[in-house]
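K.L.:
Take the first sequence: its letters are residues 1 to 519, numbered as in our numbering.
Rather than coming from a laboratory, the hints here were simulated on the basis of the structure.
For each label pair, taking beta carbons as the anchor points, the in silico distance ranges come out as:
#1 489 to 418: 14 to 22 angstroms
#2 281 to 421: 15 to 23 angstroms
#3 421 to 360: 28 to 36 angstroms
#4 67 to 159: 39 to 47 angstroms
#5 319 to 254: 29 to 37 angstroms
#6 121 to 162: 19 to 27 angstroms
#7 179 to 146: 34 to 42 angstroms
#8 418 to 256: 42 to 50 angstroms
#9 1 to 119: 42 to 50 angstroms
The calculated lysine to any residue pairs, modelled on SDA-like cross-linking and capped at a C-alpha distance of 25 angstroms, are:
#10 320 to 169
#11 267 to 347
#12 320 to 341
Virtual Cβ for every residue (Gly too), placed ideally from N, Cα, C.
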Amino acid sequence: MTVRTRFAPSPTGYMHIGGMRTALFNWLWARRNGGQFILRIDDTDQARNLDTALAPILSAFRWLGLNWDEGPEVGGPCGPYFQSQRNEFYRTAAEKLLAEGKAYKCFETTEQIQADRTAAEREQRQYVNIRRSLELTAAQIADLEAQGREPVIRFLVPRDQKVVFDDAVRGVVEFDAGLISDPVIVRANGMPLYNFATVVDDAAFRISDVIRAEEHLSNTPIQFLLHEALGSTIPRFAHIPYVAAPGSKEKLSKRKLEAYRKNPQFKRMFERAEAVFPRIGLDREGGLDPVMVEYYEKIGYLPDAVVNALSRIGWSLDDKTEIMSRETIVSNFSLDRVVKKPAGLDPDKLDSFQTHWMGQLSPADKLAGSLPYLTAAGLISDPPSDRERELAGKVVAAMGDRIKVFSDVLDADYFFQDQIQYDEKALQKRVARDDVPRLLRIFAPRLEALEAWHAAAIEAELHRFCEDQGIANGLMIHALRISTTGSAAGPGVFDCLELVGRDRCLARIEAALRLVERD
RNA sequence: GCCCCCAUCGUCUAGAGGCCCAGGACGUCGGAUUCUCAGUCCGAAAACAGGGGUUCAAAUCCCCUUGGGGGUACCA
Numbered sequence: 001m002t003v004r005t006r007f008a009p010s011p012t013g014y015m016h017i018g019g020m021r022t023a024l025f026n027w028l029w030a031r032r033n034g035g036q037f038i039l040r041i042d043d044t045d046q047a048r049n050l051d052t053a054l055a056p057i058l059s060a061f062r063w064l065g066l067n068w069d070e071g072p073e074v075g076g077p078c079g080p081y082f083q084s085q086r087n088e089f090y091r092t093a094a095e096k097l098l099a100e101g102k103a104y105k106c107f108e109t110t111e112q113i114q115a116d117r118t119a120a121e122r123e124q125r126q127y128v129n130i131r132r133s134l135e136l137t138a139a140q141i142a143d144l145e146a147q148g149r150e151p152v153i154r155f156l157v158p159r160d161q162k163v164v165f166d167d168a169v170r171g172v173v174e175f176d177a178g179l180i181s182d183p184v185i186v187r188a189n190g191m192p193l194y195n196f197a198t199v200v201d202d203a204a205f206r207i208s209d210v211i212r213a214e215e216h217l218s219n220t221p222i223q224f225l226l227h228e229a230l231g232s233t234i235p236r237f238a239h240i241p242y243v244a245a246p247g248s249k250e251k252l253s254k255r256k257l258e259a260y261r262k263n264p265q266f267k268r269m270f271e272r273a274e275a276v277f278p279r280i281g282l283d284r285e286g287g288l289d290p291v292m293v294e295y296y297e298k299i300g301y302l303p304d305a306v307v308n309a310l311s312r313i314g315w316s317l318d319d320k321t322e323i324m325s326r327e328t329i330v331s332n333f334s335l336d337r338v339v340k341k342p343a344g345l346d347p348d349k350l351d352s353f354q355t356h357w358m359g360q361l362s363p364a365d366k367l368a369g370s371l372p373y374l375t376a377a378g379l380i381s382d383p384p385s386d387r388e389r390e391l392a393g394k395v396v397a398a399m400g401d402r403i404k405v406f407s408d409v410l411d412a413d414y415f416f417q418d419q420i421q422y423d424e425k426a427l428q429k430r431v432a433r434d435d436v437p438r439l440l441r442i443f444a445p446r447l448e449a450l451e452a453w454h455a456a457a458i459e460a461e462l463h464r465f466c467e468d469q470g471i472a473n474g475l476m477i478h479a480l481r482i483s484t485t486g487s488a489a490g491p492g493v494f495d496c497l498e499l500v501g502r503d504r505c506l507a508r509i510e511a512a513l514r515l516v517e518r519d
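Throw the hints in and build the complete structure from the sequences for me.
P.N.:
Below, the structure is given as structure tokens:
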């Protein structure tokens, strides 16, 4: 049997990182088995603007390279792939169940149901709905309908059964159907409910493996029974652990964002967002926080790093392998190596994957990834001129693995701007000390007189100077770094000087000296 | 309340009765390299939730306790 998996997002705007992990496992399982991965849009509660809510989700899939074989924009033989357009299928299925006596119209009022529930609670037993509507005669039903009472359709759960299925990650799981309330499968307004629409569609799409988060485990007996009632082939189920919030075992939720800020690692991510997004013209509205896939894209993570990190949440290849290419993951992924306990996304570990995959990038790719940040921040023009592009190339090369995420290139803004900000503390520590200002005043003219302006020549000149003066190289090196870049950290100082350019170096040394001497 | 699931270093995990006084990775802490930062390289500390069984032998199997989590909708 061909493996067909699906992921069914609701169009809610941005793509949740936990949901993406579930999608990834579906995608991996399909790819691993040479099957198909299907995207279906669960938009049964309608409303909302579908296009604006769906576009970011599809774009997140594209960014990560999780291509879908059937679904929105690509179509496929089982379409339509929007549940809102599949109503006739649900209606037909519901009518079939009704006709076979496997479902019934329920006229129960919400007040009555509430009362039944309260009674059950009082007796400390599981609430199971009372099937009063089943007692109604045809005449009574006709009467109620004539009164304009709109019934819901409930699935008649065979309560004498035990539902047993072999979950690919949990093993054999057993539920007592006697404890399951008859689920509403069609609302009074005619719209289907999740459990029902899912079953009808999974059958219609010939889904072989339902891989989903474990919060759906308790939906499974209902879906199992529905499949049986409909006479469709029951898919294999695999309930993978949900992605936990940082520092807890709770499900990661976008509603609890404020609490996550207190987690040290997540705090760092939020701070990075605050530092980067305003500079590239993004506000932090719209869910650009570390719970959403878009955050990682906009900060400048590599899809391969994110896929690598996501694949390791609840799954491992063996006892050693951590760094895995997409191909390695695809060819080794298996459901029986998925763990059962919830696991959190570790931002530190993500960063270490990121550092690794960034290191694998060619200079050209690194530049290509960095350029959009430089243009968005207005550091170079859009599109960049040849000169800007050349400078950017050199800067990116000089920055080396200091660029961990593409937006880190913004740390090198001093190569592109005339005006720089001096790091006050560093200035005090490295320039405003001992003899340094005087030495800088003597050294500046020697820089000015240098024949060729490149790193090696500058370095040679500096060494000569330090020897003449009988001082340690470090003294001048630090002073030069701070005064020409404003920053205490960065690429090798001679590269910095070369890239800043002679005129700007001289002007900045002068500016730094004035700042220091003013005190 | 009821149903279901889960439980190994701070974190992600390896471990499916002897290979484990528990292995790897991230993080942390030391040290080396160095003009800073980043990186790289060495090294260290760090875990089987508790209690009962079963067995010659248990992190691994069973039971109980505790703890965590999910579900219990005309949400998905």
